[in-house]
Amino acid sequence: MKTRLFPFLFLLITIGSCSKNDDSNNENQHEDDTIVVDEAAPAIKANGFLDVIETFTEVSVEIEDESSVSTKILHNGIELVTSAEKQFNVTINPYEIEIGATEFVITSVDEFGNETSRTFSVEIKHLLSIYDVTEGRKVFNNSKWVFVNSGDGQQLAVKQLVLGVNKIYTDEIVEEEEAMFTEVIYEDGSSSSDFDNKQMTLHTTRMPLGILKPGFNTSNITEPGYEIEVKLNGVPFENSSSGYDAKGYNYGITEVSGDDQQTTLSIKHESDSPILIRTNALASRNPFFDGKKENYKYTVISPKANETELQIEANELVRAEDNIQLTLPETDQGDISFYRKGYIKTQDFENNEYFDVYNVSNFDKTKQLDYIDLPVLPMFEYYVNEINYRKNGLVYYSKGSDDNLDINMPNWQASVNETDLGYEIIANNPEVDLYALYLEKIESEGNKFNVKSWYIETFEEGEDYMSFPKLEIPEEIKEQMTDNFFKTFSNFELTAISATDYEAYDSYFEIINKNVSFDYFPYTDVEKYRMLLFPLVSQEGKSTLQRFSWERYSSFKNR
Numbered sequence: 041m042k043t044r045l046f047p048f049l050f051l052l053i054t055i056g057s058c059s060k061n062d063d064s065n066n067e068n069q070h071e072d073d074t075i076v077v078d079e080a081a082p083a084i085k086a087n088g089f090l091d092v093i094e095t096f097t098e099v100s101v102e103i104e105d106e107s108s109v110s111t112k113i114l115h116n117g118i119e120l121v122t123s124a125e126k127q128f129n130v131t132i133n134p135y136e137i138e139i140g141a142t143e144f145v146i147t148s149v150d151e152f153g154n155e156t157s158r159t160f161s162v163e164i165k166h167l168l169s170i171y172d173v174t175e176g177r178k179v180f181n182n183s184k185w186v187f188v189n190s191g192d193g194q195q196l197a198v199k200q201l202v203l204g205v206n207k208i209y210t211d212e213i214v215e216e217e218e219a220m221f222t223e224v225i226y227e228d229g230s231s232s233s234d235f236d237n238k239q240m241t242l243h244t245t246r247m248p249l250g251i252l253k254p255g256f257n258t259s260n261i262t263e264p265g266y267e268i269e270v271k272l273n274g275v276p277f278e279n280s281s282s283g284y285d286a287k288g289y290n291y292g293i294t295e296v297s298g299d300d301q302q303t304t305l306s307i308k309h310e311s312d313s314p315i316l317i318r319t320n321a322l323a324s325r326n327p328f329f330d331g332k333k334e335n336y337k338y339t340v341i342s343p344k345a346n347e348t349e350l351q352i353e354a355n356e357l358v359r360a361e362d363n364i365q366l367t368l369p370e371t372d373q374g375d376i377s378f379y380r381k382g383y384i385k386t387q388d389f390e391n392n393e394y395f396d397v398y399n400v401s402n403f404d405k406t407k408q409l410d411y412i413d414l415p416v417l418p419m420f421e422y423y424v425n426e427i428n429y430r431k432n433g434l435v436y437y438s439k440g441s442d443d444n445l446d447i448n449m450p451n452w453q454a455s456v457n458e459t460d461l462g463y464e465i466i467a468n469n470p471e472v473d474l475y476a477l478y479l480e481k482i483e484s485e486g487n488k489f490n491v492k493s494w495y496i497e498t499f500e501e502g503e504d505y506m507s508f509p510k511l512e513i514p515e516e517i518k519e520q521m522t523d524n525f526f527k528t529f530s531n532f533e534l535t536a537i538s539a540t541d542y543e544a545y546d547s548y549f550e551i552i553n554k555n556v557s558f559d560y561f562p563y564t565d566v567e568k569y570r571m572l573l574f575p576l577v578s579q580e581g582k583s584t585l586q587r588f589s590w591e592r593y594s595s596f597k598n599r
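In the numbering used here, the protein residues as written are 41 to 599.
Hint data in this document are derived by calculation from the structure and do not stem from the laboratory.
Heads up, a few of these hints could be off.
[Stated by the list, open to error] No farther apart than 27 angstroms at their CA atoms in a straight line, the calculated lysine-lysine pairs in the BS3-like style are these:
hint	residue 1	residue 2
1	Lys-332	Lys-184
2	Lys-253	Lys-488
3	Lys-184	Lys-253
4	Lys-337	Lys-287
[Unchecked claim] Label-pair ranges, simulated between beta-carbon atoms:
hint	residue 1	residue 2	range
5	Ser-280	Lys-527	42 to 52 angstroms
6	Lys-527	Lys-85	52 to 62 angstroms
7	Lys-85	Asp-172	31 to 41 angstroms
8	Asp-228	Pro-509	25 to 35 angstroms
9	Asn-335	Val-577	12 to 22 angstroms
Just so it is clear, CB atoms sit at the ideal spot from N, CA and C, and this is done for glycine as well.
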């Protein structure tokens, strides 16, 4: 900073002093009244202008000057932002800029007209998303692609995924801050025995641009290190099935056997960890387990590492001392199932360290299940329950703790309007967070069975996001299909609409981010999750495979 005293000011001071030399009190009145002028231009500091900007990037700007300033950031002469602050942040959106080399200019002017400019050279790319693909179990020979479309259906990119990190880019200008991402899995299950079985599944969501979809973390998934044979004496092995089951986050049955005197369970487990052995609702028994407390029995064991065999007498399998009686709603043809998990501590719930405690399904369609008894076992602090049933042609699924499970089907309404251009969901249910469409086409003839399914999860309550354009299969995918059945999307049939309410989440993207992280039903102790499915095809005359059900829906959604 430099200061200077203007000559005319000296003159004014001198004249004033001569005219009033008789006033000694005013003799030095103006000796400090100098005008300070800033001759130094503002100094500009900026962080965030990387060599490559490929997604939304925050740039922080700091101006150093002793006077007030006005600062602008420009691109191609177009003003992006103006600020009088000496410290501020701005987000650069590369998707609205042509890809390639470009420059940003920051100009700052202080109140005295001193000006400084800095130019930042960057390369612009349009990163749509990052997919981290981890190795998984392959039952069939499968391939996986992702194709990306804008909200109006324009194709932005298509990429076949490989193991590792996959970055998906587009050369197109993208005016929205989100896009529609469709994952495609193609499985060829054909065998040398002339059985022709192929399947294509598609899953479409709206996601923010530049999002990372992590690979499924298998680093903390280990095979239990020990195995023990548990002999249940006095428990007959009937119809090649066990009357008891054992399943939890770190143990499970690998084999069952026995005779009319005893049942043997081969269980893989971790040393010194508790194992809950309890009534198996899926056992081939007559009658089937009805969910009542009189017919539920259990025991808990904690085998040591060196134990390879354990004998349990029938009288050691006991009933639960405490139970919660749950009255069930009436259902179509008695079609209902219930599933209950237990957690030793509430913290275990957050880590999904669960024990299968109880399940029941009504296999006798001639009568209704009026009520069931939910066992409350001493070892568990917390429970999560799931119920699903069919009523009035609709399928309802709900999940929650003992305190907030909602077993009553909500009175939601939804329908779909299909045109040559796309699909529009017609609904007005304020409780619903998102809607989805399920499309399917099956081709079955002789030993040939082909199926393609499409789960479109892009709809949310409100007029802006209730439609979806009909998309074309990308040429890159079509070229790799050997069967014409998989070369077109035009012959899909609408199968169902789903409406979902997450109690703990308020926005579509909160839910989608959970799904992207493989947390399909968020693990929070206040969670109440409800889903209502509206089948759009007649269920009469269809095979078990073709009939739309919660099991088919959930198995596809969680692929």
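Results for each hint:
no.: 1; hint: Lys-332 x Lys-184; verdict: violated, 45 angstroms
no.: 2; hint: Lys-253 x Lys-488; verdict: violated, 35 angstroms
no.: 3; hint: Lys-184 x Lys-253; verdict: holds, 14 angstroms
no.: 4; hint: Lys-337 x Lys-287; verdict: holds, 15 angstroms
no.: 5; hint: Ser-280 x Lys-527: 42 to 52 angstroms; verdict: holds, 43 angstroms
no.: 6; hint: Lys-527 x Lys-85: 52 to 62 angstroms; verdict: holds, 56 angstroms
no.: 7; hint: Lys-85 x Asp-172: 31 to 41 angstroms; verdict: holds, 35 angstroms
no.: 8; hint: Asp-228 x Pro-509: 25 to 35 angstroms; verdict: holds, 29 angstroms
no.: 9; hint: Asn-335 x Val-577: 12 to 22 angstroms; verdict: violated, 37 angstroms
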